[in-house]
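Given these sequences and hints, build the entire structure.
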Amino acid sequence: MQIMVMNKKSQLKIQEMAFMLVAVVILFVLAGLFFIGISYRDLYKSANIQERERAVSLIAKLADTPEFSNGDGAIDTDKLLFLQERANYEGFWPVASLEIRKIYPEESGRKCTSRNYPDCDYFKIYDSGVSRDKVSTFVALCRKEEKDGYWYDKCELGKIIAGVEQKTENE
Amino acid sequence: MNFAWIFAIIAGAAIIFLAIYAATQYVKTQQYNLDIQTANKLAILIDPLETSLESGKSSVISFSSKARIYNDKCESYGNFGQQSLGVTVSGVGEWKEPAYAAPVYNKYIFSDNMEQGKDFSILLKPLNMPFKITDLIIFSSEEYCFVDAPYDVEDEIEDLLKNVSFVENKRDCENVEVVCFSRGDCDINVIGNLETGYVSKQGGELYYTENLLYAAIFSSQETYECNVKRLMLRLVNLALIYKDKVKVLGEQGCNSLLDVELNELIAVARNLKSSRDLNKVQKKSKEIDIINNAASCKLW
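Chains as they are written, first to last, in our numbering: chain Y, 1 to 171; chain G, 172 to 471.
Think of the hints as simulated: they come from the structure by calculation, not from any bench.
Mixed in with the good hints there might be a few duds.
Below 20 Å or equal to it, Euclidean Cα-Cα: the simulated EDC-like pairs (lysine to aspartate or glutamate) are [what the hints assert, rightly or not]:
1) G/Lys-414 / Y/Glu-85
2) Y/Lys-167 / Y/Glu-53
3) Y/Lys-134 / Y/Glu-165
4) G/Lys-212 / Y/Glu-53
5) G/Lys-199 / Y/Asp-42
6) G/Lys-418 / Y/Glu-85
7) Y/Lys-124 / Y/Asp-148
8) G/Lys-303 / G/Glu-327
9) Y/Lys-144 / G/Asp-430
10) G/Lys-228 / Y/Asp-64
11) G/Lys-469 / Y/Asp-72
12) G/Lys-418 / Y/Asp-119
13) G/Lys-455 / G/Glu-366
14) Y/Lys-147 / G/Glu-422
15) G/Lys-303 / G/Glu-225
16) G/Lys-451 / G/Glu-422
17) G/Lys-414 / Y/Asp-153
18) G/Lys-303 / Y/Asp-64
19) Y/Lys-124 / G/Asp-415
20) Y/Lys-124 / Y/Glu-146
21) G/Lys-418 / Y/Glu-53
22) Y/Lys-61 / G/Glu-225
Sample of chain Y residues with no beta-carbon within 12 Å of chain G, all distances over it, derived [to be verified]:
23) Arg-52
24) Arg-101
25) Tyr-104
26) Pro-105
27) Lys-124
28) Gly-129
29) Lys-134
Chain Y stretches covered by chain G per the calculated footprint, using a threshold of three residues with CB under 8 Å from any CB of chain G [unchecked claim]:
30) 64 to 71
31) 154 to 163
These figures come from a predicted structure and were not determined experimentally.
In this text, a Cβ means the ideal position worked out from N, Cα and C, and glycines have one as well.
Quick look at the structure:
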C-alpha cells in the first residue's frame, strides 16, 4: 500500500516537472519568435533604406554614364530616343524604373517617340512595375541642332526620376 | 539519486544545449547579415564612382576592423555579364565564408580574387574605345612598388594611389609586390608601352590597351579576362546606341559615315575570345575616332 502511494507521488512529480519543462520551452520559443519577428522587420527596413541609398547615389552620376552622357556632363536625348526601346537594358541599373523628364519649358506630357521627337516631354527607359518610392535629381538635357550650317548642343532643364523597390513583409 | 533528479539533470542539460546552439546560430546569422549589409554598402559606395571630364579619380574605402573583399564571382554571359563582391569582416577566431552582395551589371571591378586590409585604395580610369565605354574600377589593399615606370604612369597615378611607390631600382622595394616596366624578374612585368602590350604575372599574360594597363597590373587573371569580355558586351550595346543616334541625326540633316564602321566594330568586339584580341578592337576604334573627329556633327 505504501509503495503504491510512493509510486503515485513520484509519477505526479514527474508529470509536474514535465509540464513545467514544456511551459519553459514554450516560453523560450515564444520569446525567440517575438525577437526574430522584430529582427526580421528591421531587416526589411534596412534593405529598403539601402535600396533608396543606392538609387540616390546612382542618379547623382547617371548623366556621366556612357549611355546617357553627351560628354559634357549633360544627358544626350538623341541617345535616349532608342535607348528606351532596348529591352536588354532592363535591370542594368540597380533601380526599379528609370524615366527622364523635360521640366522646362513646360509641355503637354507626351512620351518621346521617333515620330514626335524633339517636341515631347519624357523618355521611359524601363519600368519593372514594382517601384513604390521615387527619387529624382535635376539635369541638363541636350540634343544636337543645326543653325546656319553649324551644329551645336541645344539644352533644356530636365529631371531623372528613378523608382525604388520597397519590400514589405507580406510579399 | 532518485529518478526526479536524473530527469531534471537530463532535461536541464538538453535545454541548456538547445539554448547555446540557438545563440550560436543566431550570432552566426547576424554576422552573415552584417557581412551582406557591408557588401551591399560597398556596392552603394562604388555606384557613384564615375569620371566626368577628368582622366582619373581615386578614393579610399575604410573598414573599422580588418576585412576581406572577395572579387571572384564574375560571369561574362548574357547581355552585359555580371560581377558580385563578397565581404567578410574579421571577428572572433578564423575568417568566415564571405557574404556576397547582389550582382552588379554596370560596374567593372578589377582586383585580386581576395584583398585583405582595413583601407582599400580605389582607382578610377575611363576606358574609351573610341567612345567612353565605362570607368574601370581598380581596388587594392596591398602595397606596390613600381620600378622604372614611365613618366606618364607616375604622373597619372602618383597622386591618386597612396599604396604605390615609385623607385628606379628593384632593390629599393621591400616586402611588396614589385612591378617592373622593363624586362626583369619581378612579381609583375609590364611588356609594352602605354598604348598596348601585356602584363606578365602569375605565369599568365594579360593583354591591355590604354587604361586597361592599370586593371591588368592590379587584377587577377580570371577577373581581368572576364571583365574584358564584359567590356566588349558593353561596347557592342553602346555601338548599337550610337548607330541609332546616326539615324536620329540623319533625319535632321547630319549624315554620318559611321554606320558601316560601327557595324565592323561590333563584329570585332563580338569575336573577342580573350584579351589577346584587344588590339584588333583598338585598331578599329582608332579608325572610327578619326572619322568622327573629322565630322561636322560629332557622334560623341
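Each hint, compared with the structure:
1. At most 20 Å may separate the alpha-carbon atoms for a hinted pair to count; G/Lys-414 and Y/Glu-85 meet this at roughly 14 Å.
2. Taking the CA atoms of Y/Lys-167 and Y/Glu-53, the gap is about 14 Å. The hint holds against a cut of 20 Å.
3. Under the criterion of a C-alpha separation no larger than 20 Å, the hint pairing Y/Lys-134 with Y/Glu-165 is consistent with the structure, at around 9 Å.
4. Of the pairs offered as hints, the one joining G/Lys-212 and Y/Glu-53 holds, with about 9 Å between alpha carbons and a cut-off of 20 Å not exceeded.
5. In summary, the hint linking G/Lys-199 to Y/Asp-42 is supported, as the alpha carbons are separated by about 17 Å, within the 20 Å threshold.
6. Only pairs whose Cα atoms come within 20 Å are accepted, and G/Lys-418 paired with Y/Glu-85 is accepted, the gap being roughly 14 Å.
7. A threshold of 20 Å between alpha carbons decides the hint, and for Y/Lys-124 with Y/Asp-148 the separation of about 33 Å lies outside it, so the pair is violated.
8. Our distance criterion of 20 Å between C-alpha atoms is met by G/Lys-303 and G/Glu-327, whose separation comes to about 18 Å.
9. Taking the CA atoms of Y/Lys-144 and G/Asp-430, the gap is near 18 Å; set against the 20 Å cutoff, the hint holds.
10. A distance of roughly 14 Å separates the Cα atoms of G/Lys-228 and Y/Asp-64; the hinted pair therefore holds under the 20 Å criterion.
11. Between G/Lys-469 and Y/Asp-72 the alpha-carbon distance is near 13 Å, which keeps this suggested pair within the 20 Å criterion.
12. Proximity of G/Lys-418 to Y/Asp-119 is assessed by CA-CA distance (about 17 Å); at most 20 Å being required, the pair is judged to hold.
13. Taking the CA atoms of G/Lys-455 and G/Glu-366, the gap is near 14 Å; set against the 20 Å cutoff, the hint holds.
14. With a C-alpha separation of about 15 Å, the suggested pair Y/Lys-147 and G/Glu-422 falls inside the 20 Å cut-off, and the hint holds.
15. Distance restraint check for G/Lys-303 and G/Glu-225: the Cα-Cα separation of roughly 12 Å lies within the 20 Å cut-off, and the hinted pair is therefore satisfied.
16. A hinted pair counts as satisfied when its Cα atoms are at most 20 Å apart, and G/Lys-451 with G/Glu-422 does not qualify at roughly 32 Å.
17. A C-alpha spacing of about 19 Å is found between G/Lys-414 and Y/Asp-153, which places the hinted pair at or below 20 Å, so the restraint holds.
18. Taking the CA atoms of G/Lys-303 and Y/Asp-64, the gap is near 10 Å; set against the 20 Å cutoff, the hint holds.
19. A C-alpha spacing of about 17 Å is found between Y/Lys-124 and G/Asp-415, which places the hinted pair at or below 20 Å, so the restraint holds.
20. Taken as a hint, the Y/Lys-124 and Y/Glu-146 pair is broken in the structure, with Cα atoms around 26 Å apart against an allowance of 20 Å.
21. Of the supplied pair hints, the one linking G/Lys-418 and Y/Glu-53 is violated, its CA atoms being roughly 37 Å apart against a limit of 20 Å.
22. The hinted pair formed by Y/Lys-61 and G/Glu-225 meets the criterion: a straight-line CA distance of about 14 Å does not exceed 20 Å.
23. Some Cβ of chain G comes within 12 Å of the Cβ of Y/Arg-52; the nearest lies about 10 Å off, and the non-interface call is violated.
24. Every CB of chain G is more than 12 Å from the CB of Y/Arg-101 (nearest about 19 Å), matching its label as outside the interface.
25. Listed as a non-interface residue, Y/Tyr-104 keeps its Cβ farther than 12 Å from every Cβ of chain G; the least gap is roughly 22 Å.
26. Listed as outside the interface, Y/Pro-105 is consistent with that label: its C-beta sits roughly 20 Å from the nearest C-beta of chain G, beyond the 12 Å cut-off.
27. Residue-level check passed: Y/Lys-124 sits 16 Å from the nearest beta carbon of chain G, beyond 12 Å.
28. Against the 12 Å criterion, Y/Gly-129 stays outside the reach of chain G, whose nearest CB is about 19 Å from its own CB.
29. Every beta carbon of chain G lies more than 12 Å from that of Y/Lys-134, the smallest distance being close to 17 Å; the non-interface claim holds.
30. Given as covered by chain G, the stretch 64 to 71 of chain Y passes the check, having 6 residues with a CB less than 8 Å from a CB of that chain where 3 are the minimum.
31. With 0 residues carrying a beta carbon less than 8 Å from a beta carbon of chain G, the stretch 154 to 163 of chain Y misses the three-residue requirement, and the given coverage is violated.
The structure fails to meet hints 7, 16, 20, 21, 23 and 31 from the earlier list, while all remaining hints are met.
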